[in-house]
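Generate coordinates for the entire structure from the input sequences, incorporating the hints supplied.
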Amino acid sequence: MGLIIRTNRLWMLFIVTLGSAAITDRLIQSGLILHEQNSQDMFRQVVSATHPEIYHLFRPPDSNIPPASPPEIGEQASDAVSGTDIWTRMGRGFIFPVVDPDVVRIYIDEYTKHPFLLKQVLQRGEPYLFHILARLEQKGLPAELALLPVVESAFNPFATSPAGAAGIWQFMSETAAYVGLNRDWWYDGRRDIIASTDAALDYLAQLNKRFDDDWLLTLAAYNAGSARVRNAIRKNRDAGKPTDFWHLSLPAETRSYVPKIIALRTIIENPR
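Residue numbers for the sequence shown follow numbering that gives the first Met the number 0, so the first one is 0 and each next one is one higher.
Treat the hints as calculated values from the structure; they're not laboratory data. A quick note: this is a predicted structure, and the numbers were derived from the prediction, not measured. For glycine and all other residues, C-beta sits at the position ideal for the given N, C-alpha and C. Treat each hint with caution, since some may be false.
[Claimed, not checked] Below 20 Å or equal to it, Euclidean Cα-Cα: the simulated PhoX-like pairs (lysine-lysine) are:
{"id": "1", "residue 1": "K112", "residue 2": "K259"}
{"id": "2", "residue 1": "K118", "residue 2": "K259"}
{"id": "3", "residue 1": "K138", "residue 2": "K208"}
[Stated by the list, open to error] Label pairs and their computed distance ranges (CB to CB):
{"id": "4", "residue 1": "N235", "residue 2": "K118", "range": "38 to 48 Å"}
{"id": "5", "residue 1": "K240", "residue 2": "A204", "range": "26 to 36 Å"}
{"id": "6", "residue 1": "K234", "residue 2": "G139", "range": "26 to 36 Å"}
And the structure:
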């Protein structure tokens with residue numbers, strides 16, 4: 000008799016457990032459905048508010064949006080520059096010293112021989128270029144700096160160099176800490192477009208002050224480190240040699256880094 004009672008109790012417990020599991024499963028499903036609906040509603044609100052089609056960030060497969068074209072040589076840009084006139088707008092902000100194209104001819108040829116690759120990089124940077132250029136304009140910095148991520152990372156926010164530099168601006172860990180980019184187990188500010196862009200532009204402005212407004216030396220310092228460029232300047236000064244970028248003894252990467260950016264600027268200025 001006792002065995003029968005215990006068996007009945009076990010069956011009742013089993014039935015109650017199944018019922019509870021079914022109810023819990025239904026509650027979870029209802030919650031997931033509600034969460035999904037809320038997420039979709041929020042996404043629709045964001046898309047509606049930002050009109051992403053204006054910025055070409057969301058392109059239907061069958062869309063045919065004309066590319067933004069650089070101005071022709073000598074062409075005057077209109078006073079009202081629209082979002083798609085980014086190359087005209089960028090050209091207005093170029094202030095680096097004029098360099099003979101023959102000095103960077105090898106890099107101009109390198110880019111123009113592979114137009115598809117350059118187009119691919121610029122398309123990858125399309126979601127970021129408007130923001131970067133706007134921040135440069137707000138800070139009164141040269142528009143040429145918007146081209147740094149082309150050389151640094153090909154506008155890939157997930158790029159990581161063999162040395163450990165990360166993000167479109169390729170910050171090393173030490174430099175990231177110096178400029179105030181937070182990093183922890185789940186967040187890396189170097190890959191945050193907004194945070195890393197502000198940090199990079201502030202850092203470049205700081206370097207420029209150190210090198211007496213010489214932007215070519217500033218770019219060299221950004222790539223090779225401020226101390227290394229200062230040491231190269233000191234050695235040339237002690238030897239009675241010129242101390243401009245073109246005469247300094249710097250790593251091969253840095254000697255090509257600055258000319259590449261100037262070559263990109265030359266191509267944008269002279270699209271033909």
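message = Please list, smallest to largest, the hint numbers that this structure does not respect.
response = Violated: none.
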